[in-house]
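Asks: Below are the chains, spelled out letter by letter.
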Amino acid sequence: MIQYVIRRLLLVFPVIIGVTFLTFAMLLATGDPTSAMAGEHASPALRAAIREELGLDDPLLVQYGRFVWRLLQGDLGRSIMTRSPVQSELKLFFPATIELALAAMFLAILVGIPLGILAGSRHNSFIDLGTTFGALIGVSMPIFWLGLMLLWLFGLKLNWFPTTGRIGADVQLQTITNLYIVDSIITGNIPALTSALRYITLPALALATIPTAFIARMTRSAMIDILGMDYIRTARAKGLVERLVVTKHAFKNALLPVVTVVGLQTGSLLAGAILTETIFAWPGMGRWIVNAIVARNFPVVQIGVLVFALIFIAVNLLVDISYGWLDPRVRYD
Amino acid sequence: MTNTIPEEPTSKSTLSQLSNSEGITTPQAQSPARLVLRRLFRNKLAIVGLAIIGTVVLTAIFAPVLAKQTPDKNGIFKTYLRETKIPPSLEHPMGTDDLGRDMLSLIIYGSRISIRIGFFSVGLAIIIGVILGALSGYFGGAVDNIIMRLMDIMLAFPSILLALVIVAVIGPGLLNAMIAVGIVSIPTYARITRASVISERSREYVQASRALGANSFRLLMQHILPNALSPIIVAGSLGIATAILDAAGLGFLGLGAQPPTPEWGLLLSRNKTHIFTSPWMVIFPGISIMFLVLGFNLIGDGLRDALDPRLSNVGLKAPKT
Chain A
784 MIQYVIRRLL
794 LVFPVIIGVT
804 FLTFAMLLAT
814 GDPTSAMAGE
824 HASPALRAAI
834 REELGLDDPL
844 LVQYGRFVWR
854 LLQGDLGRSI
864 MTRSPVQSEL
874 KLFFPATIEL
884 ALAAMFLAIL
894 VGIPLGILAG
904 SRHNSFIDLG
914 TTFGALIGVS
924 MPIFWLGLML
934 LWLFGLKLNW
944 FPTTGRIGAD
954 VQLQTITNLY
964 IVDSIITGNI
974 PALTSALRYI
984 TLPALALATI
994 PTAFIARMTR
1004 SAMIDILGMD
1014 YIRTARAKGL
1024 VERLVVTKHA
1034 FKNALLPVVT
1044 VVGLQTGSLL
1054 AGAILTETIF
1064 AWPGMGRWIV
1074 NAIVARNFPV
1084 VQIGVLVFAL
1094 IFIAVNLLVD
1104 ISYGWLDPRV
1114 RYD
Chain B
36 MTNTIPEEPT
46 SKSTLSQLSN
56 SEGITTPQAQ
66 SPARLVLRRL
76 FRNKLAIVGL
86 AIIGTVVLTA
96 IFAPVLAKQT
106 PDKNGIFKTY
116 LRETKIPPSL
126 EHPMGTDDLG
136 RDMLSLIIYG
146 SRISIRIGFF
156 SVGLAIIIGV
166 ILGALSGYFG
176 GAVDNIIMRL
186 MDIMLAFPSI
196 LLALVIVAVI
206 GPGLLNAMIA
216 VGIVSIPTYA
226 RITRASVISE
236 RSREYVQASR
246 ALGANSFRLL
256 MQHILPNALS
266 PIIVAGSLGI
276 ATAILDAAGL
286 GFLGLGAQPP
296 TPEWGLLLSR
306 NKTHIFTSPW
316 MVIFPGISIM
326 FLVLGFNLIG
336 DGLRDALDPR
346 LSNVGLKAPK
356 T
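Residue numbers (the numbering used here), protein chains in the order written: chain A, 784 to 1116; chain B, 36 to 356.
These are computed hints drawn from the structure, not numbers from a lab. Among the hints, a few may not be true.
Claimed, not checked - Below are the SDA-like pairs computed for lysine to any residue, each with C-alpha atoms no more than 25 Å apart in a straight line:
1) B:103 / B:150
2) B:103 / B:312
3) B:307 / A:787
4) B:103 / B:68
5) B:79 / B:68
6) B:108 / B:68
7) A:940 / B:128
8) A:1035 / A:1047
9) B:79 / A:911
10) B:79 / B:312
11) B:79 / A:915
12) A:940 / B:120
13) A:940 / B:103
14) B:307 / A:949
15) A:1031 / A:905
16) B:103 / B:79
17) B:307 / B:206
18) B:120 / B:264
19) B:120 / A:932
20) B:79 / A:905
21) B:103 / B:118
22) A:940 / B:325
23) A:940 / B:133
24) A:1031 / A:1020
25) B:120 / A:936
26) B:307 / A:988
27) B:307 / A:936
28) B:108 / B:122
With these hints in hand, go ahead and build the complete structure from the sequences.
Replies: In structure tokens, the structure reads:
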């Protein structure tokens, strides 16, 4: 197992190098940085000075090395707009996105897996057809539209939930992890907890739709697949209660593709977060990156994209490793 | 097998002899394409999908006839400032927007854009993806390594994020958004093609053809790539659904189609501030996107089942509980 983990870890390195190189190259492709810094009409002498100072005349690989070295030392550059270090903005926005994504994934697993088991174990029943059709609608819906509809119905019309932001302005919360739900539980702050939960509900619902649909679909087909196998017939033949056949014998083996789809959906969560955060004014990384792209604030775009990609790589790695744990055969490939 | 290379390995009769001599029988009495179509037409959901796509394509073609208001030469719709924000009625089935434009007409013209986005992006991705995948699988070694590592790197980004970055670099706009969405899905087709090429490359019929002097290009085009066709078609139709959603998302963020284009995502984005007073301005563009995307998803699922019947039959074997 350890050998398998190490082998997977080694495979990740070329990808990480490629990803950092791509984000590095992105900045070069966006035009002359001296214009961005000193204005369109900067004198050639000033431009040359800036180029000298930033080392823009060095070979590409040297510049790339410097970029990586800077990142490793924790220097993520400065935002062109706010002039503040990208790092301090990242510290603010990163936990918000993580909190939203975790909440959405929690909802998706909570709803998707039981629905999938029900649908799969009652193949062709009403609940099966309903789940299948619902899942199809779920993956076909533009997430930004669903978000707007939730906002309109539950936020504006029924006024059940707040529509924008992360927590009420009147709530005091001592931040530790910057995950507001976790922080309010740690500090035992009930008003902050209810406020944070109320604010996260609508964006998390919108974000959870697509993963819920995929998880339900995958669980369903894996269950159908496995319930048709011989060992299930044996389990039934020996008189095992159907409930135990489904939950103990079948579901455990259906877990493998489900884990994969949960992992893969993390990618769609990150992508969805970009649109969801924009709609609900959720102060997370997605909105941060979009605003930075619109404002051509490339140091922020660069780091935001890099962080997104690294999370994505890490999750895929975890999926692979859990695969090896769930199915020992995978390790000897 | 190598000592019994038939004289005309490309002809169908010898091919079946070839497989028969190995004890493999292929139960294909009729052409595979017709079989697939028949299976597809037996699938009710796939028919619904076809009907949806057909409706939207016809709408796009006959837009000038169907739409009440038509844009001028520059694609600009006339504004009717005395008829703003009229709720859905017989006159305006989808209501009017804040400029008095008929929402239905805007959406009818928007269908042209979404259809174009879907086919253009996926077409681009398939062309580049198949070329890269074929090179990678056929030549192997360093070529394979470089191409596939590049694909891995692209897959390390969530797709819409990579599309956003590409648009950020090459600039916003409809064409650029289509290109970005296309580039993002290249790895899918490259991987599918590579896998088929590798599995076919070493088969006897390919080696036989090579022994007869067929060059690499001919081998790829005539023998190897046709085997990659069905997974590519399935991925392509599902890919069109994703492409339309992603491009609409870019339009919504203001980085895709630009005004006055009636692109559905852009319509949603510019109308969202009116959601409280006139929700129909937001509801209908969203439903249109969902409708078309659903169509491609249904047809994609149907095609997958038709092309690989093992997948669809799996469920039938499960005993009823």
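Asks: Hey, residue 103 of chain B versus residue 312 of chain B, does the alpha-carbon distance stay inside 25 Å?
Replies: With a Cα-Cα distance of about 24 Å, the restraint between residue 103 of chain B and residue 312 of chain B holds, given a limit of 25 Å.
Asks: For the pair supplied as a hint, residue 1031 of chain A and residue 1020 of chain A, confirm whether the alpha-carbon distance does not exceed 25 Å.
Replies: Distance ~15 Å between residue 1031 of chain A and residue 1020 of chain A Cα, so the pair holds.
Asks: With a cut-off of 25 Å on the C-alpha distance, tell me whether residue 307 of chain B and residue 949 of chain A pass.
Replies: holds (21 Å)
Asks: Run the distance test for residue 108 of chain B versus residue 122 of chain B: straight-line Cα separation, threshold 25 Å.
Replies: The hint is violated at about 28 Å.
Asks: Given the hint that residue 120 of chain B pairs with residue 936 of chain A, does the C-alpha gap stay at or below 25 Å?
Replies: holds (19 Å)
Asks: Measure nothing beyond the straight line between the CA atoms of residue 940 of chain A and residue 133 of chain B; if it is 25 Å or shorter, mark the hint as holding.
Replies: holds (21 Å)
Asks: For residue 79 of chain B and residue 312 of chain B, compute the direct alpha-carbon distance and say whether it is at most 25 Å.
Replies: Violated, at roughly 39 Å.
Asks: Just to be careful, I want the Cα atoms of residue 79 of chain B and residue 915 of chain A compared with a cutoff of 25 Å; is the pair within it?
Replies: Cα-Cα ~14 Å, so holds.
Asks: Does the structure keep residue 940 of chain A and residue 120 of chain B at a Cα separation of 25 Å or less?
Replies: Satisfied, since the Cα-Cα distance of roughly 19 Å is no more than 25 Å.
Asks: Check whether the Cα positions of residue 103 of chain B and residue 150 of chain B lie no farther apart than 25 Å.
Replies: holds (21 Å)
Asks: Given the proposed pairing of residue 120 of chain B with residue 932 of chain A, does the C-alpha separation stay at or below 25 Å?
Replies: holds (18 Å)
Asks: Given the hinted pair residue 79 of chain B and residue 68 of chain B, is their alpha-carbon gap at most 25 Å?
Replies: holds (19 Å)
Going through the hint list in order, the structure does not satisfy hints 3, 4, 6, 10, 13, 16, 18, 28.
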